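Undergrad: Protein chains in written order, with full-length UniProt numbering: chain A, 1 to 258; chain B, 1 to 363.
Hints listed in this document are in silico derivations from the structure and should not be mistaken for laboratory results. Just to be clear, a hint being listed does not mean it is correct.
Quick list of in silico lysine-lysine cross-link-like pairs, DSS-like style, CA-CA up to 27 Å [unchecked claim]:
1. 118(A) to 259(B)
2. 259(B) to 117(A)
3. 144(A) to 353(B)
4. 261(B) to 118(A)
5. 259(B) to 65(A)
6. 30(A) to 239(A)
7. 261(B) to 144(A)
8. 130(A) to 117(A)
9. 130(A) to 30(A)
10. 18(A) to 65(A)
11. 261(B) to 117(A)
A quick note: this is a predicted structure, and the numbers were derived from the prediction, not measured.
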Amino acid sequence: MAKRIDATSVTAYYGGFKAIEDINLTVEPKTVTALIGPSGCGKSTFLRTINRMHEVLPAARVEGKLTIDDQNIYERDVDVTAVRRMIGMVFQRPNPFPTMSIFDNVVAGLRLNGVRKKSVLEDAAERALKSANLWDEVKDRLGKPGAGLSGGQQQRLCIARTIAVEPQVVLMDEPCSALDPISTLAIEDLMFKLKDRYTIIIVTHNMQQAARVSDRTAFFSIEQTGDPGRLIEYDDTQKIFSNPSVKKTEDYITGRFG
Amino acid sequence: MTTTMTPAPPSAAPGQSPQLRTRKLPVVASLGIAVAAVVLAAALVYGAGIGGTALVVALAVVFYLVGLFAASNAVEGRRQARNRTWSALIHSAFVLALLPLASVTWTLVSKGIERLDGDFFGSSMNNIGARDPNGGAYHAIVGTLEQVGVATLITVPLGIACAIYIVEYGRGRFAFTIRFFVDVMTGIPSIVAGLFVLAFWILIVSPYFNDGRPGYSGFAASLALSVLMLPTIVRSTEEMLRLVPAPLREGSYALGIPKWKTILRIVLPTALPGIVTGVMLAVARAAGETAPVLLVAGGGAAINFNPFENNQSSLALFVYQQAGDASRYAPARAWAAALTLVALVLVLTIAAKLLARRNRFSR
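Full structure from sequences and hints, please.
TA: This is the structure in structure tokens:
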């Protein structure tokens with residue numbers, strides 16, 4: 001079910017500003033890939049081009065080719081909502097829908113895409129919450145507002161919401177940066193579990209996290225402020241963190257710059 | 001390294017901890033100053049015979065502020081004195097702003113209660129002469145409810161749709177132009193809205209429905225009120241939609257939910273309480289409008305349930321007519337109608353707020 005992602009010379013703009021240039025990268029199915037690099041180097045921008053969230057911002061556009069199992073998602077006749085259903089996304093700050101209960105939050109993706117049957121929704125909610133390690137904590141209060149959970153629980157709720165629609169790829173944009181170490185651990189455990197079924201790409205500023213959770217690591221960087229971000233090195237996580245082939249990567253992961 | 005870690009507090013000598021305790025005015029001091037200010041102001045005003053209670057209060061406030069500043073400055077120092085004076089000023093501003101409201105409420109209730117009886121709510125002004133003490137506002141209440149109700153039915157969908165266009169879809173010059181004209185509409189005097197409907201609807205359109213003769217109707221009043229309500233609803237809804245955080249929209253898009261459904265099921269429910277407040281502001285304004293109703297609804301003393309045909313009255317118009325009536329019983333009716341109007345708007349507002357909160361988290 002999990003998909004292979006293939007980016008070929010992807011370039012993204014915010015209006016006249018070129019944020020990333022000429023990114024070429026292949027992500028194998030059922031792996032965790034970490035995107036690391038200094039602030040403003042375009043990791044998040046690249047992540048958002050994968051499910052076409054980049055173009056939500058006004059005047060933002062993407063050039064190049066991005067294929068999911070040999071299907072270019074930037075063709076003219078591609079349905080954006082179908083792409084996003086296939087490629088889920090978890091954001092930096094937990095963003096549960098404030099007017100909805102925990103249950104409604106989890107099934108929002110299914111319900112608003114036309115699933116009406118209550119038994120189906122209930123099964124999906126239970127499965128997604130169990131996958132997100134949240135079921136035991138919320139099973140007795142599914143009707144309570146989702147915004148009333150703690151930050152870590154909210155983030156797991158957002159992950160449950162994302163996997164409830166059964167995507168093939170899950171993108172995570174610094175999912176732990178607003179969380180404490182225990183919630184972070186819960187989410188990292190979750191990533192190991194989800195790896196069996198999904199392709200996961202995670203943006204992180206935490207190098208230890210990248211080393212812990214990912215199979216492959218991509219290092220992005222910029223020459224100076226105002227320049228577009230580029231992919232510097234992409235290799236097995238083990239290799240990147242022990243014996244990187246580019247000097248800049250070594251400087252970054254040893255803390256000499258960035 | 002260590003020198004930058006421990007900067008010395010500016011007021012204390014090196015190695016000495018800063019003084020934390022200061023001299024304070026006793027709690028009774030401000031009360032004493034207040035009493036003294038009132039006594040001084042009263043002595044001055046009544047001694048010189050230059051005014052009444054209002055001047056005493058105004059002077060007392062000034063004396064209190066000056067006295068408080070002087071006392072605090074002498075005992076506690078300049079910073080505390082300024083703090084106390086500004087706090088006192090802000091509190092007096094709050095009381096000053098509340099005074100008209102309290103005064104209006106008191107006047108309305110005390111004068112309106114006299115005719116607030118079953119007869120007032122149960123009968124119209126049909127066949128009520130100048131010497132009849134009874135007569136009521138039933139026809140006017142019906143008129144207000146129908147006219148404002150129809151106007152709300154017209155403006156709420158239109159206004160919310162317009163706001164959604166401006167916030168979610170509009171790009172560039174066209175959306176900017178619409179916003180500009182909505183702002184211009186906000187400033188339209190109500191009488192102009194009434195004249196517009198009179199010229200356009202009554203004189204040109206209504207003859208087609210009325211055997212070739214122009215006719216007044218409650219619906220025409222609804223149209224005029226719509227012109228007044230629309231900009232308020234558009235602007236308030238627009239502000240509320242802008243307050244919905246962008247991550248919520250993105251979270252929804254990321255689930256593969258189409259844009260229109262995101263707006264309908266995520267954005268609008270999140271903004272709903274604010275939108276309801278905006279709608280109720282517009283309703284309250286429309287319910288109190290007299291001029292457009294006077295021009296296009298035609299007034300009338302009899303009960304007319306049909307807003308599309310024949311004259312209709314409204315509460316605001318009823319107040320206007322009764323207040324100018326020569327009958328000695330008319331002023332009491334005007335006050336009772338004014339009280340009814342305020343109570344009606346209040347009840348509608350509370351009901352709408354409760355409705356917007358209901359079942360928010362039900363499964």
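Undergrad: Look at each hint and say if it fits the structure.
TA: Hint check results:
1. For the hint pairing residue 118(A) with residue 259(B), the CA-to-CA distance comes to about 24 Å; that is within 27 Å, so the pair holds.
2. Straight-line distance between C-alpha atoms of residue 259(B) and residue 117(A) comes to about 23 Å, which keeps the hinted pair within the 27 Å bound.
3. With a C-alpha separation of about 21 Å, the suggested pairing of residue 144(A) with residue 353(B) holds against the 27 Å cut-off.
4. Only pairs whose Cα atoms come within 27 Å are accepted, and residue 261(B) paired with residue 118(A) is accepted, the gap being roughly 20 Å.
5. Note on residue 259(B) and residue 65(A): the hinted pairing holds, with a Cα-Cα distance of about 24 Å set against a maximum of 27 Å.
6. The straight-line distance between the Cα atoms of residue 30(A) and residue 239(A) is roughly 19 Å, inside the 27 Å bound, and the hint therefore holds.
7. Distance restraint check for residue 261(B) and residue 144(A): the Cα-Cα separation of roughly 23 Å lies within the 27 Å cut-off, and the hinted pair is therefore satisfied.
8. A C-alpha spacing of about 20 Å is found between residue 130(A) and residue 117(A), which places the hinted pair at or below 27 Å, so the restraint holds.
9. For the suggested pair residue 130(A) and residue 30(A), the alpha carbons sit about 20 Å apart, so the restraint of at most 27 Å is met.
10. Taking the CA atoms of residue 18(A) and residue 65(A), the gap is about 16 Å. The hint holds against a cut of 27 Å.
11. Taking the CA atoms of residue 261(B) and residue 117(A), the gap is near 19 Å; set against the 27 Å cutoff, the hint holds.
Checked against the numbered hints above, the structure violates none of them.
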